[in-house]
Amino acid sequence: MNVYQLKTEKFSGPIEKLLELIEEKKMEITELSLAEVVADFLNYLKTIEKKEPRMLADFIVVASRLILIKSKALLPTLELNEEEKEDIKDLEERLRRYAEFKPSMAIFKKLFEVNNFSVSRQFLSNHEPIFYPADNFNVSSMQSAMKSIFEIFSQLTIETKKIEPELIKLEDKINEIIKKIESGIAKFSDVTKEKSRREIVILFLALLHLLKEQLIKVEQNEGIGDIIIKK
Amino acid sequence: MDNNTINQQNSIASLEAILFAYGEPITINKIAKLLNVEIDETKISLENLQKELESENRGLRLIFSDNKVQMATKPEFSHLLEEFIKEEFKESLTPATLETISLIAYFGPISRAKIDYFRGVNSSFTLRSLLMRGLIERLEDKKEHGGYLYQLTFDSLKYLGISKIEDLPEFEKYKNLSVINNN
Amino acid sequence: MDNNTINQQNSIASLEAILFAYGEPITINKIAKLLNVEIDETKISLENLQKELESENRGLRLIFSDNKVQMATKPEFSHLLEEFIKEEFKESLTPATLETISLIAYFGPISRAKIDYFRGVNSSFTLRSLLMRGLIERLEDKKEHGGYLYQLTFDSLKYLGISKIEDLPEFEKYKNLSVINNN
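Residue numbers (my numbering), protein chains in the order written: chain A, 82 to 312; chain B, 65 to 247; chain C, 65 to 247.
It should be emphasised that the hints constitute simulated quantities derived from the structure, not laboratory data.
Heads up, simulated DSBU-like pairs for lysine-lysine below, C-alpha to C-alpha not over 35 Å straight-line: (1) A/190 x B/178; (2) B/94 x C/154; (3) B/107 x B/228; (4) B/206 x C/154; (5) B/150 x C/150; (6) A/166 x A/268; (7) B/239 x A/132; (8) B/132 x A/191; (9) B/132 x C/178.
Since the model is a prediction, treat every value here as computed from it, not as a measurement.
Just need the whole structure built from these sequences, with the hints factored in.
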């Protein structure tokens with residue numbers, strides 16, 4: 082095609098990706114299996130951050146639910162409220178529905194690629210153009226058409242720039258953990274002391290992030306015990 | 065041959081001529097007006113034409129969507145007509161476009177909100193790209209002011225080699241899935 | 065049905081599909097090559113198709129000239145079509161055509177890709193319709209092989225009552241927007 086074509090997302094949406102990760106592990110859609118794939122999903126999030134920043138906000142929404150699930154599995158002291166429980170149920174339900182519909186995509190893809198098509202004719206292809214103006218073909222109607230085209234067009238540009246705030250939060254939390262470690266705090270429960278549930282979730286995401294980057298080490302002596310952070 | 069048969073034949077012939085000359089999808093209402101007959105009668109003539117076209121010595125078929133009809137070649141002659149494939153269809157579908165267009169194919173006309181909910185991601189760019197490629201089209205959503213519903217274009221139906229959306233493989237099965245919350 | 069009859073029928077159907085899709089006159093040699101048969105055999109198939117088309121319930125005919133053949137509507141339907149075109153073009157410009165012709169007026173000569181980019185939807189039918197209506201014309205795009213650029217016709221400018229395109233209101237403003245978005 083050419084330069085004016087929009088770059089489309091080369092990546093699947095978060096639901097599709099999540100389902101793919103669960104299926105890779107040959108697991109059913111349960112809270113347990115979701116907790117299993119959190120690290121992989123966060124890893125994929127980084128690819129998205131680099132290559133499709135436009136999709137990042139939506140991936141973070143799903144990631145935060147996953148982290149909630151993971152946090153609950155790791156921190157038994159964490160009580161979920163009704164809304165959070167609903168969120169988790171909703172995610173499972175959506176994954177199940179996606180899994181049900183997914184085979185149709187393969188069918189569609191095959192049909193699209195098989196090159197078995199019909200050809201039609203162009204509009205009035207055996208006719209010569211004749212000049213037929215219209216009552217609304219005038220300078221002022223064209224001017225207002227231009228106005229509305231560019232109003233919509235500029236909205237589109239704004240929409241692409243809405244994703245930054247969420248990111249900054251995560252970045253902040255990473256810095257917060259680093260500072261706390263440097264000031265001698267070594268337990269995750271101390272880091273999360275007196276924090277809101279939402280903040281705890283983001284802190285946990287930050288912790289996993291640091292772990293992935295190998296900037297910290299963690300230890301958890303008992304299955305559901307506190308997490309010890311080491312540099 | 066009685067008068068009715070002659071009229072029947074004439075109407076098939078006129079239909080064929082109109083669809084051939086017009087080229088683009090045309091509403092059944094417009095055809096009825098042009099032929100100066102009732103809409104129901106036009107529908108019967110279209111059915112008759114369609115039956116004629118099913119014959120093995122015909123190379124054409126009718127494509128239906130909404131209240132429109134278009135004449136096109138039968139897909140079994142694709143190999144003779146490679147040069148007519150539009151650029152927009154040659155490009156393959158990315159995971160995002162495939163996710164979106166399959167959903168539109170089986171559940172169209174469908175709103176963006178439902179597509180977004182199903183995919184878990186904002187689909188406005190994917191939709192825009194599919195619209196620009198002419199693979200999908202949007203209609204005004206009569207239930208929601210300023211909203212749109214998306215469905216496959218005639219060009220897509222033709223490219224897939226089907227004559228109406230219900231001809232998609234396992235259409236009923238997927239159509240009846242409760243893929244999208246009724247919210 | 066013996067093999068010969070089946071082949072005969074298939075070749076009539078393939079011929080119909082080819083002539084329908086090509087629209088313009090096509091050489092018998094080219095058809096023979098497409099069908100992968102001898103020229104003489106192609107001529108026989110064409111004769112058979114022509115005989116079929118003579119039937120009263122067909123609206124099409126073949127036109128032979130030199131070594132070429134073209135499919136067209138039977139002359140008895142031409143009044144019907146002329147009337148139809150007049151009716152069709154009596155109507156006001158739809159929002160889609162108005163958007164498209166405005167972009168062409170302000171930014172012309174402009175490519176279809178760029179029009180699609182600003183509108184966010186595929187404009188091929190709209191462009192075709194404006195061309196047939198004599199409101200725009202297309203030029204070959206020297207920068208892109210096989211591409212076209214669109215601009216207003218002289219008739220349009222006269223009808224709008226502007227002597228040059230720069231006289232359009234806010235011409236400079238939009239011209240600049242076009243440059244900014246020229247990615």
